[in-house]
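Number of protein chains: 4
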Amino acid sequence: MKVIVIHDKKDLRIEEHEVQPPTADEVQIQVATGGVCGSDLHYYNNAGFGTVKLREPMILGHEVSGYVRTIGANVSHVKEGDLVALSPSRPCYSCKFCMEGTHNHCLNMRFYGSAMPWPHIQGAFREVINALGAQCVVANGLSAGEAAMAEPLAVTLHATRRAGELLGKRVLVTGCGPIGALSILCARRAGAAEIVATDLTANALAQAQTAGADKTINVTENADALVPYSSDKGYFDVLFECSGSAIALSAAIAALRPGGVIMQLGLGGDMTLPMMAITAKELSLKGSFRFHEEFAMAVELMQSGLIDVKSLISHTFAIEDAEKAFTTANDRNVSMKTQITFS
Amino acid sequence: MKVIVIHDKKDLRIEEHEVQPPTADEVQIQVATGGVCGSDLHYYNNAGFGTVKLREPMILGHEVSGYVRTIGANVSHVKEGDLVALSPSRPCYSCKFCMEGTHNHCLNMRFYGSAMPWPHIQGAFREVINALGAQCVVANGLSAGEAAMAEPLAVTLHATRRAGELLGKRVLVTGCGPIGALSILCARRAGAAEIVATDLTANALAQAQTAGADKTINVTENADALVPYSSDKGYFDVLFECSGSAIALSAAIAALRPGGVIMQLGLGGDMTLPMMAITAKELSLKGSFRFHEEFAMAVELMQSGLIDVKSLISHTFAIEDAEKAFTTANDRNVSMKTQITFS
Amino acid sequence: MKVIVIHDKKDLRIEEHEVQPPTADEVQIQVATGGVCGSDLHYYNNAGFGTVKLREPMILGHEVSGYVRTIGANVSHVKEGDLVALSPSRPCYSCKFCMEGTHNHCLNMRFYGSAMPWPHIQGAFREVINALGAQCVVANGLSAGEAAMAEPLAVTLHATRRAGELLGKRVLVTGCGPIGALSILCARRAGAAEIVATDLTANALAQAQTAGADKTINVTENADALVPYSSDKGYFDVLFECSGSAIALSAAIAALRPGGVIMQLGLGGDMTLPMMAITAKELSLKGSFRFHEEFAMAVELMQSGLIDVKSLISHTFAIEDAEKAFTTANDRNVSMKTQITFS
Amino acid sequence: MKVIVIHDKKDLRIEEHEVQPPTADEVQIQVATGGVCGSDLHYYNNAGFGTVKLREPMILGHEVSGYVRTIGANVSHVKEGDLVALSPSRPCYSCKFCMEGTHNHCLNMRFYGSAMPWPHIQGAFREVINALGAQCVVANGLSAGEAAMAEPLAVTLHATRRAGELLGKRVLVTGCGPIGALSILCARRAGAAEIVATDLTANALAQAQTAGADKTINVTENADALVPYSSDKGYFDVLFECSGSAIALSAAIAALRPGGVIMQLGLGGDMTLPMMAITAKELSLKGSFRFHEEFAMAVELMQSGLIDVKSLISHTFAIEDAEKAFTTANDRNVSMKTQITFS
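Chains as they are written, first to last, in this note's numbering: chain C, 101 to 443; chain A, 101 to 443; chain F, 101 to 443; chain P, 101 to 443.
Calculated directly from the structure, the hints in this document are not laboratory data.
Check before you lean on any hint, since a few could be wrong.
In this list, chains with the same sequence are indistinguishable; a pair is considered to hold if it fits within one copy or across any two.
[As the list claims (entries may be wrong)] The list that follows gives simulated cross-link-like pairs (lysine-lysine, DSS-like), each with its CA atoms no further than 30 angstroms apart:
hint: 1; residue 1: Lys315; residue 2: Lys102
hint: 2; residue 1: Lys196; residue 2: Lys381
hint: 3; residue 1: Lys109; residue 2: Lys153
hint: 4; residue 1: Lys153; residue 2: Lys315
Here the structure is a predicted model, which means the values were calculated and not measured.
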C-alpha cells in the first residue's frame, strides 16, 4: 500500500508499506479520504513546531475516513463496506484521567501522526489502516470527504460545549481557517444569535460568511474594526480564538463584555495578554484540547443535516498529488480544507 | 376602545373602556394581535386555577403585539408606527430579587391578566394599551401574529437556557401544546441531536413534527412506548415536561439517563414523583418560571429567522369572535396557538 | 470466622464461615469495626424495603474498617498492619458509565450487603474479608471506628459537592440521623454561614447541635417553626433533605428562596411534591447517590482533622451483641451511629 | 477633621477638612480604623500605576470601619454607636450591569480613593465620613481593626466563590501578601483538603502558615520546588494567583492538573503566558474583580468566628504616624496588613 511519509522539512515522499493483518479488536479499513490539518503542515513546513521535532520518518495524517474491509472477531458494530469516520484518538482507557472520563488527557495517548512521543506515532495517510473498533464510527450516508471532517468538527464541538450554553448569545470568532469556520458552524448550531468573524484574508472571510457569520471583518483593511464593540465595557459574550495571534486576542478581549468567555483554540507558543482587562472584566479564558465523545457526535450531526461542512472542503487531490495538496493547504488565500483521496 | 373581560366561568364579555393618556415613561400602543394562553383558558373555563380565584372582572391576555401610537417623553427606543412585541412582565426594579438580576422573582411583579394579586392585574386584550418603554421590544419585520408569540417563546427560551448546553444532546418533550412545541423549536435551535415528543392527541403530535421533533409518540395508542428507552438506566439527557401530568413525568423519568435534567414547565398542582429513581439516577428536576432578558432574545431570534414560529399559529379570530377563539383554543384536537386580532 | 447473617425479618444470626484466600488483586483484611446503616436496619426490621426483598440469607454490612493481613501480588499501596477504610463499592470499570467517570452509576455494581441483585451481594460484617486493592484506603492515624465512618461521610461529601459552592450560604437540614448530622459537618466544612436543622427527636437535634448546627428545631413541638423563613419567597439557599418525609420536604420548600437547591438524600418511596412552588421559585431538586472519589476524600479530611465525626459514634457493641446493636440503632431517641467491633 | 491626602509620589500630608452634614440617604461615621492596601501604596510610591496617574490631590483609603454618629432619615438598619464596616463600593444601581446584578461592573462606579475617574474619587482615610446606608454593614462584636478587614476579605471571598466548589480540593496560592493570606483562609473555609503557598519572603510564608497553609515554599531558596507537583500533568485543582508575577504564574500552571482553575487576583500589567499548556490541559484562567454581596458575607463570617483575620493585622499606627504606616506596609519582610487608627 501507498503511504505519505514526511522525512524532513519539505521532504514529503509517497512510499510502499506492507499491509498488516488486523487483530481481533481491530477493523481493517480501506482509507478513502484524508484532510490536511495545520499540524501536518507544521511538519511539512518546519519538521515540527515549538519543542516538537521530527526525529524519524513519520506517516502524516489524522483526519481520515474509509470503508470497512475486514472485521476483527471482537468487533460487532460495523459491517463490511460501511463508510467509517476514523478517530485518531487512541487513549489507554486505564490511566487516572481515562478513569475520570477525561480521555483527551490520557497519560498514554496514541494520537495518529504525532512526533511528540518517541518513537513517533505513525499517522493515517495510507491506503489501508487497522484501527481499534472503538475508533470507528459508522458514517453511512455521508460522502467520504464529509466523514473525514469528523475530526476537526469534533475539536470545535468540544470547544463549543466547554463554552457553556450559547442560546441567544453574541459570538466573536478570530481567525477563519478550518477551525474558525467550524466554530462558526458549531456556534450557530448551538443557538448563537449573532456571529462576527475576523481574519486577514478575503478567502477565509468569504468562507466564514458561507458558514453562517452574520458579519465578517478584514482586520488587514480595518485594524480598528472591533473598537465600536468595546464601548460600555464590551459587547460579545463568547470569543472563539482560532488565530493563535496575540494581537487578535488582545483586540478581542477589549470587545468582550464583563463575564465573557474566551475559548482558546488557536495553538501558538507563549502569548502576552492584557491581564488587567481579564481581571477587571472577570473574563474566563479556557483551553480546549481535542475531544472524546464529540467524535461520534460530529458524525451524527452531519448525518442528520444539523451541521453541514460540505462548503468547507475547498480542494481534493489524488494521493499522487499529495505534495500539491500540501502547497495548496499552505495558501490561505485560496484554500480552506484540502483533502487527499487514497483509493 | 373594546376590551375582553372575564366576569366568571364562561362569562366572557366584550366591553367598551375609555382610553387613558400615556405617562412620560409609557408608550401608547394600538394592539394588533393577542394569543390565548393556557392561563386565559383556566379563567374562562374555571374562573381560576388552584388557589387563584377570580374575584372581580378582569381583562384577559398577556401575549400581545401592536403598533406604536404615542411615545412618552422619556422613551427613546421606539418610533411611531413601529411594530412592538409587548412584554407582560413589569417588575419593580427595586426589590432584592430585581437587584440580584432575577426580575422574574420580583416581589412586586405586575404581570398582565393575573388574578393572583388583589386588586387583579388587568390584562392586554384591548384595542389600546399604555405600557412602559421597557416593556416594548421593536419587532419590525415580523408579522403581528409572530410578534405576539414573543411571550411564550421567551418562556421556553428561559427554560432551555436553564437546562444547560444542549449541543448533541438527546431530548424528550412530554406534552406538545404551544409550550411543548416551542420547547422543541428551542431545543433544536440550541443544538439537540435528537428530539422525541409525546402527547395524547394526533393534532399536537403533527405540530410537534412540523416544529422539528425527530420522532413523535402517541401515548394514548402506546402507553409503553418509552419503555425501550429505559434500558441500561435510560437514554435521554434532558426532559422538557410540558404536560403537567404526573403519569407522563413518571414514565419520562424512567427514560432519563443518570445525571439527566428535567425542566418542569407544565403547571399542575401537587404531583407524586418516583423519588427513588430521582435519587438513584441523580436527576436534577428544575423549575422554570417566566423570563426576563429572553423576551428581547425571542424577538431577535424570530427576526433573524433562527426560530420560526409561524407554523404554530393555527387560528386567528377577530375580536368580535373572541368567544369562538376561546372555545377553539380549548380543543387540542384542532388548535395549537389561537390568536385574536384587535384592529 | 464469624459473620452476621440476616435470614428473615428479625432473624439475625452469627454464623461461622470459612476464610478464603485473597486473589492477586485483593487484600485480606481483619475487619475491626462496622457501622449499622439504615439499609441494614431495613433488612433487619422488614427483610427488605420497597421492591427489594431478601430471598436468601445475606451477610449484612457495608461501613467497615480493618487491618491489612495479606496483600495480593498486584496491590502495592498498602502494607501489613495498615488500618484501612474499606469502600463497599466495587464498580466494573468497563461499562459506559464507568467509562464516563460516573462509577456510582455502574451497570454492574457490586455493593456490599445488597439484596437488589440475584444472587444477593454478601456484606462486610465478618471477621475477615478479601477486597480489591482499589477498595482499600489507608486510614492510619484514625481510630477503627472513625475509619468505618468513611462510607457514610463519603455519601454526604458527594451530595455536598453536587450542591455547588456553599461559601457564605444559608443551609437547612431536615432529618438529623447520621446522614443529616454528617451533612451538617460537610456543609460547615464547605463554608455555610448558617445551618438550621430540624428533626422529630431531641436526641438527634442535640447531635445536630454538636455537629455544628447554628439552630435546631423540633418540628414535633413546633410544626410551624419554618414559617418565618418563608416570607418574601423564602430564606435558605440549600436544603439537605435527609428525612425521606414528604411533609418535611414540603415545609422546607416553602422556606427556600428562588433559585434554591434541594439535595435529596433521604430515601423514601414515591413522594407528593408541591410542584407549583418548585416551578415558580425555580428550585432545583437534585438526587445524590452513593459516591466515588469522595471515599478517599472522606478519609483524608478526617485524617487532617478538617472533619471530625467522633461525636457521632454513639454506641459500640462486640459482635456477640450484634442483635443489641441493631435494636439500639433502631431507637433514634438514644442512638446516632451504632457500631460493632469484630476483633 | 484630619484627612490623609496624597499630593504626589512620597508626598503624603495630613490636612484639615471641614465635615459635611449627611443627606437623608447617608450615615455619618466616626472613622475608627483603616487598612493600607496595595493600591494606596502605588499612589504613595509612584503617584499611580499603569495608565492611572494622580492628577489632583486625593484622600487615600478604602478599607475602613467606624462608629455611627448621625443617621439620615431614610436609613433604618443602623443605630447610633454601632460599629460598621464601610464598603468602598458605591455602584449606580441603574446601569445595565447593576440591573443584571453584577454591580462590581457598574459603568458609573464610585470606589473610594481611586484616581481612575476625573475628578478623582476621594477616599476614606479621614476622621469623619458620610456614606450611603447601603455601604454600611453593622459589625458589632468585631474589633474596629477586624471590621476594616471586611473589604480585602470580600475580595477573596468573591474570588473563592468564582473558583467553584472547593470541598476536598488541592489548592496552590502564589504570593502571600494580605490577598494571598486571605485566599488561604477562604480556601480552607470552603473545604480545601490541601493548601500549598509560595512567596519570596519568610515573613509572608510564616503568615501563610498561620493562616492555615499546609505547606509553604520559599521560591527564592528553591525555584524548582513546584516541579515535583508537575509530573503526570500536574497536581493542584485550583490556583489563587496573588503575586502578579508571570514567573510565578508559569511555574504554577505546570503544577495544575488538567481541567484546573486559575483565579487571577494579582494585578500586574501585561503578562506572558504559556498558552500551549493552558490549551492542552484545558485550564480555565478566570479574572476576579472586587465584590458585591461578599462584603456583608465577610462581616458575618468574621462575626460567627468562621473566618478569623486577626493574625493578619501586623501593625497599627495612629493617624499622626501615617507616613510610618506607609513605609511599614511597603516592607513585606516585616508587615502583613498595616492599619491606621483615626480616633
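Hints, one by one, checked against the model:
In this assembly of identical chains, the alpha carbons of Lys315 and Lys102 never lie at most 30 angstroms apart, being 44 angstroms within a copy and 45 angstroms across copies at closest. Taking identical chains as interchangeable, the C-alpha atoms of Lys196 and Lys381 lie at most 30 angstroms apart only when they sit on different chains, with a minimum of 14 angstroms there against 35 angstroms within one chain. In this assembly of identical chains, the alpha carbons of Lys109 and Lys153 lie at most 30 angstroms apart only when taken from the same copy (10 angstroms versus 51 angstroms across copies). Within a single copy, Lys153 and Lys315 get their C-alpha atoms no closer than 39 angstroms, and across copies no closer than 38 angstroms, so neither meets the 30 angstroms cut-off.
Against the hints set out earlier in the document, violations occur for numbers 1 and 4.
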